[in-house]
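> Below are the chains, spelled out letter by letter.
There are 2 protein chains.
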Amino acid sequence: MIECMKKRRTIRQYTSQPVSDELLNELLEVASRASNTGNMQLYSVIVTRDQEGKEQLAPAHFNQPMITSAPVVLTFCADVNRFVKWAEQRKAEAGFDNLQMFIAAAIDAMLFAEAFAEAAEERGLGLCYLGTTAYNAGEIIKILSLPKLVVPIVTLTVGYPQDPLPEQSERLPLDAILHIGHYTDYTPESIDRFYKEKEELEVNKHFVRINHKETLAQVFTDLRYPKENNEKFSETLLQTLKEQGFLKG
Amino acid sequence: MIECMKKRRTIRQYTSQPVSDELLNELLEVASRASNTGNMQLYSVIVTRDQEGKEQLAPAHFNQPMITSAPVVLTFCADVNRFVKWAEQRKAEAGFDNLQMFIAAAIDAMLFAEAFAEAAEERGLGLCYLGTTAYNAGEIIKILSLPKLVVPIVTLTVGYPQDPLPEQSERLPLDAILHIGHYTDYTPESIDRFYKEKEELEVNKHFVRINHKETLAQVFTDLRYPKENNEKFSETLLQTLKEQGFLKG
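Going line by line, the protein sequences match chains F and E. According to our numbering, the stretch in the first sequence is residues 1 to 249, in order. According to our numbering, the stretch in the second sequence is residues 250 to 498, in order.
A couple of the hints might just be wrong.
Claimed, not checked - Anything over 12 Å on all C-beta distances counts as not near chain F; from chain E, calculated:
hint	residue
1	Q262
2	S265
3	Y409
4	H455
Stated by the list, open to error - Sample of chain F residues facing chain E (criterion: CB under 8 Å; computed from the structure):
hint	residue
5	T10
6	N25
7	E29
8	V47
9	A92
10	M101
11	I103
12	A119
13	Y129
14	Y160
15	P164
16	L178
17	G181
18	P188
19	K227
20	L238
Worth flagging that the hints you see were computed from the coordinates, not collected in a lab. Computed from a prediction, not measured in an experiment: that's the story for all the values here. Each residue gets a CB set at the ideal place from its N, CA and C atoms; glycine is no exception.
Kindly generate the complete structure, drawing on both the sequences and the hints.
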């Protein structure tokens, strides 16, 4: 499994080979063995297989083509609704409509999603995580009929990888993310050292050139994750958390 | 690996066998292959091995004994600081001090943590996730000297499992967490059906009796996750997100 993890890459193009319900359910069941908060399993997953459903979801993911071309789309949600309904039915009053329980549920959903990802890749499936889920959570809530106390966190597109496989993307050296004993803040020298390899990669230099930017960092801050988008999506997310009942007042 | 996942259980008691730096670093490096937001790797991990460091962390985790008895404690953090410092040094202005980028970084940290967990368990290590990290994030920030734009999300205690291994805990049936096409809200009948097995387990009945409660749900809502605690920790978390620079105003 570790060998499989070392070679992993994001897969955005899939063959027409279907992913059986049997395999999908086995993998989701295995993933449910992942740790979660107090064994409350504060998550749900929505499976979208039909073309109409995928086309409805596509705009919320900025029409990234994987949504409509992947055999299966999985939307992983922080879900406190099921637990609260159980409590109500058992003479228990759950005070779970707050930020702390949203974070607990989001953690549960993420551990579940990543455990699924590891198991699925081990079985030869290819995956792509879509970070757009948190941007347009409000739209996805409507499309998937998510009730209060449920918020979508990440989406995975799932299928068998189409050849040729994409190149594996680079990572920062381990030293860049690892701190011993306490956090050692970055200095101009350590930043230069940790980002050198990334900045010198031909694929990243090409990225800077075609976007007419001076540095790789500018591609991220000016084009991919600009301040005004981040702030707009932060407002929307806050609004969604309120509407879904996770923030008082 | 899937067989290992099916058998997984949380390990809270460890042998005295040390976990080598070599193994730990290999597993963290493998875990860094996990998906992350735009390949920005918005996370860091703090390794605590020395007894003094563990004793400092223990109160923030309500003195759960795993913190001081495990050979290694790992604190996984949402970290936007490194990226922002890189951007500043490269004539780029990152507008990352907001809720959306906090969520992106928290997602990155969780996927990284769970990928580490899967790899570590495959190599025979035993782990326990501590959800207390988000409760007392402010204290942990001080102890580990985390700068602005860094927030601890989860903690893992790591070591070799002590025999006898604990029982595997139950999970809800897959149907309880799986929704096809759209969310099918729970009815009194489906709640009864999905929670039946859990409620009938002798270990859970025992749990209800020794806590002098009427239902299992009450053990969670009245003792383990009471409303007033959840609300208090929500306030603290909101304050911490502000202090760490993730919320405007």
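> Have a go at the G181 (chain F) hint: is there a Cβ in chain E nearer than 8 Å to its own Cβ?
With a minimum Cβ separation of about 6 Å from chain E (threshold 8 Å), the hint on G181 (chain F) holds.
> Is the interface hint satisfied for L238 (chain F)? The criterion is a beta-carbon contact with chain E at less than 8 Å.
holds (6 Å)
> Answer holds if the nearest beta-carbon of chain E is closer than 8 Å to that of T10 (chain F); otherwise answer violated.
holds (6 Å)
> Would the hint on V47 (chain F) stand, with a C-beta cut-off of 8 Å toward chain E?
holds (5 Å)
> Hint Y129 (chain F) vs chain E: min CB-CB distance below 8 Å?
holds (4 Å)
> Does Q262 (chain E) sit more than 12 Å from chain F, CB to CB?
holds (16 Å)
> Verify the interface restraint on Y160 (chain F): the C-beta must sit less than 8 Å from at least one C-beta of chain E.
violated (17 Å)
> With 8 Å as the cut and Cβ atoms as the points, is A92 (chain F) at the interface with chain E?
Status holds, d = 4 Å.
> Minimum Cβ distance from P164 (chain F) to chain E below 8 Å?
At about 19 Å, which exceeds the 8 Å cut-off, the nearest Cβ of chain E leaves the hint on P164 (chain F) violated.
> According to the definition I'm using, a residue is off the interface if its beta carbon is farther than 12 Å from all beta carbons of the partner; does S265 (chain E) meet that for chain F?
S265 (chain E) clear of chain F: closest Cβ-Cβ about 21 Å, beyond 12 Å.
> Taking the closest pair, is the beta carbon of H455 (chain E) still more than 12 Å from chain F?
For H455 (chain E), whose nearest Cβ neighbour in chain F is about 15 Å away, the distance exceeds 12 Å, so it holds.
> Hint validation: I103 (chain F) versus chain E, beta carbon distance must be below 8 Å. Holds or violated?
holds (5 Å)
Of the numbered hints listed earlier, those contradicted by the structure are 14 and 15.
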